[in-house]
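2 protein chains.
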Amino acid sequence: MFEAHNIGYFFYNGGGDSQDTSHKVSQIARRLGYPIVCIGIPKTVDNDLPITDNCPGFGSVAKYIATSIREAGFDVASMAKTSTKVFILEAMGRHAGWIAAAGGLAAETPSDAPHIVLFPEIPFDEERFLAKVDAAVKRYGYCAMVVSEGLRNADGKFVAEAGTRDAFGHAQLGGVAPVIAALVKDKLGHKYHWAVADYLQRSARHIASKTDVEQAYALGKAAVQFALKGHDAIMPTIVRLSNKPYKWKVGMADLADVANVEKKMPRDFISADGFGITRKCRTYLEPLIKGEDYPPFKNGLPQYVKLKNTPVKKKLRKHFNI
Amino acid sequence: MFEAHNIGYFFYNGGGDSQDTSHKVSQIARRLGYPIVCIGIPKTVDNDLPITDNCPGFGSVAKYIATSIREAGFDVASMAKTSTKVFILEAMGRHAGWIAAAGGLAAETPSDAPHIVLFPEIPFDEERFLAKVDAAVKRYGYCAMVVSEGLRNADGKFVAEAGTRDAFGHAQLGGVAPVIAALVKDKLGHKYHWAVADYLQRSARHIASKTDVEQAYALGKAAVQFALKGHDAIMPTIVRLSNKPYKWKVGMADLADVANVEKKMPRDFISADGFGITRKCRTYLEPLIKGEDYPPFKNGLPQYVKLKNTPVKKKLRKHFNI
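As you go down the protein sequences, you meet chains A and B in turn. According to our numbering, the residues represented by the first sequence are 1 to 322, in order. According to our numbering, the residues represented by the second sequence are 1 to 322, in order.
In short, the hints are calculated from the structure, not lab data. Careful: at least some of the hints might be erroneous.
In this list, chains with the same sequence are indistinguishable; a pair is considered to hold if it fits within one copy or across any two.
Only pairs whose alpha carbons sit at most 25 Å apart, straight line, appear in this in silico DMTMM-like list of lysine to aspartate or glutamate [to be verified]:
no., residue 1, residue 2
1, Lys-314, Asp-112
2, Lys-221, Glu-292
3, Lys-298, Glu-214
4, Lys-264, Glu-161
5, Lys-308, Asp-134
6, Lys-264, Asp-254
7, Lys-306, Glu-286
8, Lys-315, Glu-3
9, Lys-306, Glu-108
Chain A extracted, bound-state conformation (with noise of 0.2 Å):
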């Protein structure tokens, strides 16, 4: 396909699998002789890619996440002495809990939402969860927390998917904020509410970080200038050279360093007792959600760029006369 439509140049963006696509692309060329430049461009929510200090597309969802926790904190904080105590915010991160971790941020106090963060990475206990809810209603009057969808039991099953059924019988309606709100209801007995922000998350252009939206495009830049140098089956990454100010340069990672690697929160952004964010965290995250970069709205709606999509015409039979 590509010879036949000239192709000498493949840029694809995305997570892990799209780069290991990219490296297995770029190693199949080179094994039939094929002059290509494959090159990844990061481009992740999950924020999981190793080398780069973060992926395009999360320093925005982990705004969101982070300013979302803080306005529905403010909601239950306002009712909780009568009706709502308990707030359960599911963010997305199946494998790695850095966009839990960045809700983690909008408490400048202990008092703030969130009062709990619970991670992928750290295997949930039950009772210690619901000593730490506890706690936290009788101390500031509710509890609000976020929820990795990632979140597993001691033996490694999916809390999202422990025996819930729908009306139909099938396992998993998917979310595990309503399993954990059905735990505090039946252990505790607070009234709750929940929410599953889904791809609303991670689409979110109105509330974009300009830190990420700037990288974003750097990236994009960086990844056609290396491709016209020839650089082939390379990924540029973000470098980080100082936290406060915040400063960066793009640099670039062999793809073969990049494929299957899942880099996931090290145990130290972690506190102690496995339910928030330490400094050094909040120190990495804190500059990742800087700035704001509104779209342009029209009639009070985010105005966005809608794509063609053309296909160019079929070449493949004819090149090769099949």
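Add chain B to chain A, keeping to what the hints say.
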């Protein structure tokens, strides 16, 4: 209590129940011969108070829902060919479909998200719904929808409560979105995702409507002015003067006419097939989401005022010598 603290003015903002309370306080005070001015101030995202053109809070949640379904729609459209084909966003509104209706504003053409809106005012017809989903997936490649939490079956039961059980055997984990999602999966086999925005939608000050913010301040101010003029048992209202350009002024309604009246979506605001909004509805809703009014941001997060909520000294016992 009012007498002990020498309180002569009682302001109470909220929805239907709160207006009813204001009205009752006013009636009781008159009966007891205690001179107090009671003013209700409309404030409910449900937008279901009568007489007033709309209710402060609604314009902003409307903007949030329309923005969110537009953004998530782009996400789903981008990958529908090989992944998620059906997306369901659950919106608040236990009895009235105003918030779900606002989601309809995101669709400028029939191919745009949302392709379906489900209202509490229209009994859920499973067969016709599934045919509509199927048609959208075939025609546009995907189907994005907004579902009101108050959606009911033909027999008047909430769809969210239609038999869903959690791991502990409780009825209803909550959420109509996962129930609809499971139905789509079961009957049509499409891969789905769903989101329940819950409190996120009504606390999302970061995406507030400027029109809404202006009206909220105007009604608060009017409440004080009306009180100082001695009006009792009334509620300031928004009176719509024209649609394009949107012009409005502050009016006044008797609490007796407001209490216990629930304004649902008029039938002619809902399309003939029951799955969308009409031009008339669009004309009503459009001005309410207009304009942006961003909060101040610090370190990447919106900054909100924290009230001190310092209690006054208790006086009741001393005042009455009890």
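The hints, checked one at a time:
no.	hint	in the structure
1	Lys-314 with Asp-112	neither (58 Å within a copy, 28 Å between copies)
2	Lys-221 with Glu-292	within (21 Å within a copy, 31 Å between copies)
3	Lys-298 with Glu-214	both (23 Å within a copy, 18 Å between copies)
4	Lys-264 with Glu-161	within (21 Å within a copy, 38 Å between copies)
5	Lys-308 with Asp-134	between (53 Å within a copy, 24 Å between copies)
6	Lys-264 with Asp-254	within (20 Å within a copy, 60 Å between copies)
7	Lys-306 with Glu-286	between (32 Å within a copy, 22 Å between copies)
8	Lys-315 with Glu-3	within (10 Å within a copy, 88 Å between copies)
9	Lys-306 with Glu-108	between (39 Å within a copy, 13 Å between copies)
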